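Please construct the entire structure, taking both the sequences and the accompanying hints into account.
Residue numbers (the working numbering), protein chains in the order written: chain A, 1 to 190; chain B, 1 to 550.
Hints are computed from structural coordinates only; laboratory data are not their basis. Just so you know, these numbers come straight off a predicted model, no measurement behind them. The reader is advised that the hints may include incorrect statements.
Below 30 Å or equal to it, Euclidean Cα-Cα: the simulated DSS-like pairs (lysine-lysine) are [stated by the list, open to error]:
| id | chain 1 | residue 1 | chain 2 | residue 2 |
| --- | --- | --- | --- | --- |
| 1 | A | 41 | B | 385 |
| 2 | A | 100 | A | 70 |
| 3 | A | 85 | A | 100 |
| 4 | B | 334 | A | 163 |
| 5 | A | 53 | B | 400 |
| 6 | B | 400 | A | 157 |
| 7 | B | 167 | B | 542 |
| 8 | B | 385 | B | 4 |
| 9 | B | 182 | A | 166 |
| 10 | B | 167 | B | 499 |
| 11 | A | 166 | B | 186 |
| 12 | B | 398 | A | 163 |
| 13 | A | 133 | B | 398 |
| 14 | B | 460 | A | 166 |
| 15 | A | 53 | B | 264 |
| 16 | B | 264 | A | 133 |
| 17 | B | 398 | B | 426 |
| 18 | B | 378 | A | 91 |
| 19 | B | 385 | A | 163 |
| 20 | B | 3 | B | 398 |
| 21 | B | 168 | B | 119 |
| 22 | B | 400 | A | 85 |
| 23 | B | 542 | A | 163 |
| 24 | B | 404 | A | 166 |
| 25 | B | 242 | A | 157 |
| 26 | B | 4 | A | 163 |
| 27 | B | 398 | A | 53 |
| 28 | B | 304 | A | 100 |
| 29 | A | 163 | A | 41 |
| 30 | A | 53 | B | 242 |
| 31 | A | 157 | B | 398 |
| 32 | B | 378 | A | 53 |
| 33 | A | 133 | B | 117 |
| 34 | A | 53 | A | 85 |
| 35 | B | 385 | A | 91 |
Derived Cβ-Cβ restraints for the label pairs, each shown as a range [said to hold, decoys possible]:
| id | chain 1 | residue 1 | chain 2 | residue 2 | range |
| --- | --- | --- | --- | --- | --- |
| 36 | A | 81 | B | 251 | 29 to 39 Å |
| 37 | B | 505 | A | 168 | 26 to 36 Å |
| 38 | A | 128 | B | 275 | 40 to 50 Å |
| 39 | B | 139 | A | 78 | 24 to 34 Å |
Heads up, the beta-carbon is just placed ideally off N, CA and C, and yes, glycines get one too.
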Amino acid sequence: MNSTRREFIHKLSLACGSIMFIPACSGYNSVWRFFNEEEAKTIVAFAEQIIPKDQDPGATDANVINFIDKQLVGPYTRFQEEYRKGIPAIKMSSQRILRKAFSDLEWDEQTHFMEQMESGYLPEEYWEEVDQKSFFRMVMEHSMQGFYGSPRHGGNKNYISFKMMKLDYPHVIGQNRYESKCTNTKKQES
Amino acid sequence: MSKKHVNAIVVGAGAGGGIVAKELAVAGLSVVLFERGDWVNYDQHDDDELISQRTTVLGNAFGPDDERHRRVVVYNDGKPRIVLPSEGGYGNNAACVGSGTVSYGAMAWRFMEKDFKMKSAYGNIEGSTMEDWPIDYFDLEPFYEKAEWEIGVAGDHYANPFMAPRKKSYPMPAFAYNREAKMLDKAARNLGLHPFSIPMLRNSVRYNGRPACYRMRSCVGFACPVNAKCGTHNTVIPTAIKSGNCELRTNCQVAEIILDNKGKANGVKYFDENDQGQIQTADIVVVAAAAVETARLLLNSKNKLFPNGAGNNNDWVGRNLQGHAYTGALGLFKDEIFDDVGPGACWAISDYNHDNEGIIGGGALCNSFTTMPYLFTKTRPPGAKRWGLEHKEFQRNKFKRIVKIHGPFQEIPNFDSRVTIDPNVKDHWGIPTVRLSGERHSYDRIGCQFLSDRAEEILKEAGAYHTWQNVGGRGLSGGQHQAGTARMGNDPKTSVTNKFGQVHDIDNLLVADGSLCVTNGGFNPALTIMALGYYVGDYIVKNWNGSKFR
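Here it is, written out as structure tokens:
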């Protein structure tokens with residue numbers, strides 16, 4: 001069962017490696033551009049661990065999954081293969097160690113699992129095609145970009161990370177002075 | 001297809017090339033200025049950190065693009081890897097009209113007298129190609145002044161006691177300190193240092209028909225929304241075009257300099273915006289494509305007389321690739337220091353550029369430009385957890401309580417830090433790409449450690465409750481401050497151009513960018529590249545009516 005699925009995913013990644021035919025990549029039932037529903041669930045859980053909700057919103061609230069999904073059919077097309085290999089590796093490792101899908105684990109179990117992955121301690125047999133430490137690092141960076149980058153790329157919904165960091169958005173003082181400078185300019189030139 | 005013959009071709013519309021084009025055009029020469037990128041403005045990228053010059057993870061708002069450009073990088077494992085412009089190892093500067101001067105932090109440093117005489121000052125260094133420049137500070141001084149007044153610099157010319165002698169003040173008053181700078185200023189004075197407001201290529205008052213800066217946080221890495229930052233794109237390049245003598249050709253990739261069998265440059269082969277191969281002939285060719293691409297263009301231009309590339313018969317083109325090893329320290333404070341007065345960096349000391357006991361050279365130290373939220377996720381003390389609640393807590397509570405002091409250590413040049421042509425990889429147009437290899441000189445790490453120690457002392461004096469160092473100086477050189485690959489010199493055996501930027505043995509081929517720099521100073525190099533642009537331009541104009549070039 002597992003190996004069939006792996007083969008399927010492998011073929012799929014070959015199919016969308018060069019030519020982007022979006023529905024074929026994400027599956028007919030998926031709302032995502034690149035991910036299928038199950039893959040999306042895994043990445044949502046991963047990203048939420050990276051930036052968890054507390055008194056301020058977390059990765060899920062910021063729509064980090066939308067950011068990553070969008071980039072994977074854009075500038076990050078080159079990382080598709082790693083995601084297609086890394087997500088099943090998370091799945092297998094989690095099934096093997098904890099008998100559950102990663103996204104179904106308890107919060108603390110997920111945290112521990114990710115700490116293991118970050119240090120490269122998950123069973124090597126599932127990580128032959130992609131390095132677990134570098135996969136961890138990549139998804140972590142992409143999650144951070146989705147949480148803190150400009151909302152124009154699909155994450156950081158309503159600039160919630162800026163609010164968390166108490167950074168004005170838009171940068172009101174500057175904009176106001178911009179207005180007054182423009183007015184002065186016109187006066188001087190007219 | 002051949003275009004109408006012109007007097008001069010300038011390759012690259014950046015800090016050096018924009019200025020040369022203007023100098024020649026206003027003197028009456030017909031000029032074609034080539035730029036592989038296009039005009040960019042703030043509205044195209046907004047304050048989008050992920051495509052800014054500081055972190056280009058989703059692409060370069062200022063070019064070049066990932067689709068058509070690539071380089072090969074050899075790290076110390078010896079394996080060549082293909083890297084895209086948006087990836088770190090590429091060492092990207094920019095590819096647009098104005099190049100780095102559109103998105104830079106705009107520090108306007110003059111090099112010091114000793115920066116031109118490094119070998120005389122520090123002697124022979126094992127494993128280094130360090131040499132004195134064939135010109136000194138006073139040869140460039142009038143051109144520094146011209147850059148300061150034509151491009152526009154705000155600063156206090158009395159404030160830095162270590163600054164080399166100058167004839168004229170800056171055209172605009174210095175920028176006021178932000179809260180962080182005020183704090184550091186006091187601490188530095190307590191330590192007997194001499195802090196000052198950084199001279200900036202940015203309008204502190206209305207100047208040159210453009211408004212004053214309103215101090216945004218997203219300044220370095222971005223174009224200016226009000227056009228208060230001064231680059232070649234909003235000063236000399238428009239002047240050149242207005243003169244009627246300069247045609248700017250954007251989106252044109254120059255592939256090769258055409259050399260004849262008399263050892264002259266006849267023009268260039270290039271690809272226009274529709275990827276069509278074209279030929280432009282000229283009396284002289286000036287290359288100002290920045291240290292990496294200038295070396296590539298010279299190396300890709302071969303004929304019988306120059307089988308290894310233009311000016312490369314002694315194997316010096318592409319050698320001595322330098323940049324700046326950035327190094328410093330960070331400190332955490334109990335109170336909020338950040339007051340959101342951009343661009344952050346406004347305070348500096350030049351006490352440690354030279355005359356440090358037991359240290360070769362040195363560098364300026366400055367407070368850092370505002371770090372935007374994504375890059376701030378990488379700003380952590382050693383050992384801190386990078387994700388989870390601990391990460392979030394740091395983002396939330398420390399962003400306004402952290403201060404970073406750092407600076408560019410003057411790199412010790414070496415022969416093997418270099419640009420070559422990759423034997424296999426080609427870009428979109430089929431032009432062989434650059435291969436970057438070699439490492440910084442091992443001394444850089446020592447110098448960086450010295451500067452980081454000094455930065456940490458100041459942070460402690462300012463009251464930081466926790467400090468740590470960020471010591472640079474390893475790995476490949478190059479990057480935004482790239483320099484040295486076509487260095488000037490009196491001896492053709494150990495240099496690429498003469499002291500006027502003329503390539504040895506090819507009188508009508510000149511270089512006018514950071515490639516000329518024999519050593520790279522302990523400062524951001526933009527103003528020096530601009531001064532070199534004026535200097536080379538002046539030489540061409542003065543000698544134009546003789547027979548030197550034709």
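These are the hints, each one checked on the structure:
1. In summary, the hint linking residue 41 (chain A) to residue 385 (chain B) is supported, as the alpha carbons are separated by about 24 Å, within the 30 Å threshold.
2. Between the alpha carbons of residue 100 (chain A) and residue 70 (chain A) the distance comes to roughly 28 Å, so the proposed pair stays at or under 30 Å and holds.
3. As the CA atoms of residue 85 (chain A) and residue 100 (chain A) are separated by approximately 19 Å, the hinted pair is consistent with the 30 Å bound.
4. For the hint linking residue 334 (chain B) to residue 163 (chain A), the alpha-carbon distance of about 21 Å falls within 30 Å, and the restraint holds.
5. For the hint linking residue 53 (chain A) to residue 400 (chain B), the alpha-carbon distance of about 21 Å falls within 30 Å, and the restraint holds.
6. The suggested pairing of residue 400 (chain B) with residue 157 (chain A) holds, with an alpha-carbon distance near 22 Å, which does not exceed 30 Å.
7. Under the criterion of a C-alpha separation no larger than 30 Å, the hint pairing residue 167 (chain B) with residue 542 (chain B) is consistent with the structure, at around 23 Å.
8. For a cut-off of 30 Å, the pair hint linking residue 385 (chain B) to residue 4 (chain B) is broken: about 62 Å separates their Cα positions.
9. With a CA separation close to 22 Å, the supplied pair residue 182 (chain B) and residue 166 (chain A) stays within the 30 Å bound.
10. Under the criterion of a C-alpha separation no larger than 30 Å, the hint pairing residue 167 (chain B) with residue 499 (chain B) is consistent with the structure, at around 23 Å.
11. For a cut-off of 30 Å, the pair hint linking residue 166 (chain A) to residue 186 (chain B) stands: about 27 Å separates their Cα positions.
12. Our distance criterion of 30 Å between C-alpha atoms is met by residue 398 (chain B) and residue 163 (chain A), whose separation comes to about 14 Å.
13. For the proposed pair residue 133 (chain A) and residue 398 (chain B), the alpha carbon gap of about 27 Å is at most 30 Å, so the pair holds.
14. Straight-line distance between C-alpha atoms of residue 460 (chain B) and residue 166 (chain A) comes to about 26 Å, which keeps the hinted pair within the 30 Å bound.
15. A hinted pair counts as satisfied when its Cα atoms are at most 30 Å apart, and residue 53 (chain A) with residue 264 (chain B) does not qualify at roughly 67 Å.
16. Between residue 264 (chain B) and residue 133 (chain A) the CA atoms are separated by roughly 55 Å; this puts the pair beyond 30 Å, and the hint is violated.
17. Between the alpha carbons of residue 398 (chain B) and residue 426 (chain B) the distance comes to roughly 45 Å, so the proposed pair goes past 30 Å and is violated.
18. Annotation: proposed proximity of residue 378 (chain B) to residue 91 (chain A) holds, straight-line Cα distance about 28 Å (limit 30 Å).
19. Simply put, residue 385 (chain B) and residue 163 (chain A) have alpha-carbon atoms about 22 Å apart, close enough for the 30 Å limit, and the pair holds.
20. For the hint linking residue 3 (chain B) to residue 398 (chain B), the alpha-carbon distance of about 59 Å lies beyond 30 Å, and the restraint is violated.
21. Of the pairs offered as hints, the one joining residue 168 (chain B) and residue 119 (chain B) holds, with about 29 Å between alpha carbons and a cut-off of 30 Å not exceeded.
22. Restraint check: the Cα-Cα separation between residue 400 (chain B) and residue 85 (chain A) comes to about 39 Å, which exceeds 30 Å; the hinted pair is violated.
23. With a CA separation close to 58 Å, the supplied pair residue 542 (chain B) and residue 163 (chain A) exceeds the 30 Å bound.
24. With a C-alpha separation of about 19 Å, the suggested pair residue 404 (chain B) and residue 166 (chain A) falls inside the 30 Å cut-off, and the hint holds.
25. For the hint linking residue 242 (chain B) to residue 157 (chain A), the alpha-carbon distance of about 45 Å lies beyond 30 Å, and the restraint is violated.
26. With a CA separation close to 57 Å, the supplied pair residue 4 (chain B) and residue 163 (chain A) exceeds the 30 Å bound.
27. A threshold of 30 Å between alpha carbons decides the hint, and for residue 398 (chain B) with residue 53 (chain A) the separation of about 18 Å falls inside it, so the pair holds.
28. Restraint check: the Cα-Cα separation between residue 304 (chain B) and residue 100 (chain A) comes to about 69 Å, which exceeds 30 Å; the hinted pair is violated.
29. Using a Cα cut-off of 30 Å, the hinted pair residue 163 (chain A) and residue 41 (chain A) holds, with the two alpha carbons roughly 26 Å apart.
30. A threshold of 30 Å between alpha carbons decides the hint, and for residue 53 (chain A) with residue 242 (chain B) the separation of about 56 Å lies outside it, so the pair is violated.
31. Note on residue 157 (chain A) and residue 398 (chain B): the hinted pairing holds, with a Cα-Cα distance of about 22 Å set against a maximum of 30 Å.
32. Our distance criterion of 30 Å between C-alpha atoms is met by residue 378 (chain B) and residue 53 (chain A), whose separation comes to about 20 Å.
33. Of the pairs offered as hints, the one joining residue 133 (chain A) and residue 117 (chain B) is violated, with about 47 Å between alpha carbons and a cut-off of 30 Å exceeded.
34. A threshold of 30 Å between alpha carbons decides the hint, and for residue 53 (chain A) with residue 85 (chain A) the separation of about 28 Å falls inside it, so the pair holds.
35. Distance check on the hinted pair: residue 385 (chain B) and residue 91 (chain A) sit about 24 Å apart at the alpha-carbon level, within 30 Å; holds.
36. Between residue 81 (chain A) and residue 251 (chain B) the beta carbons are some 32 Å apart, a value that agrees with the proposed interval 29 to 39 Å.
37. Judged by the Cβ atoms, the range 26 to 36 Å given for residue 505 (chain B) and residue 168 (chain A) is violated: they are separated by roughly 58 Å.
38. At roughly 42 Å, the beta carbons of residue 128 (chain A) and residue 275 (chain B) sit within the given window of 40 to 50 Å.
39. For residue 139 (chain B) paired with residue 78 (chain A), a C-beta distance near 48 Å fails the hint of 24 to 34 Å.
In this structure, the hints that do not hold are numbers 8, 15, 16, 17, 20, 22, 23, 25, 26, 28, 30, 33, 37 and 39, in rising order.
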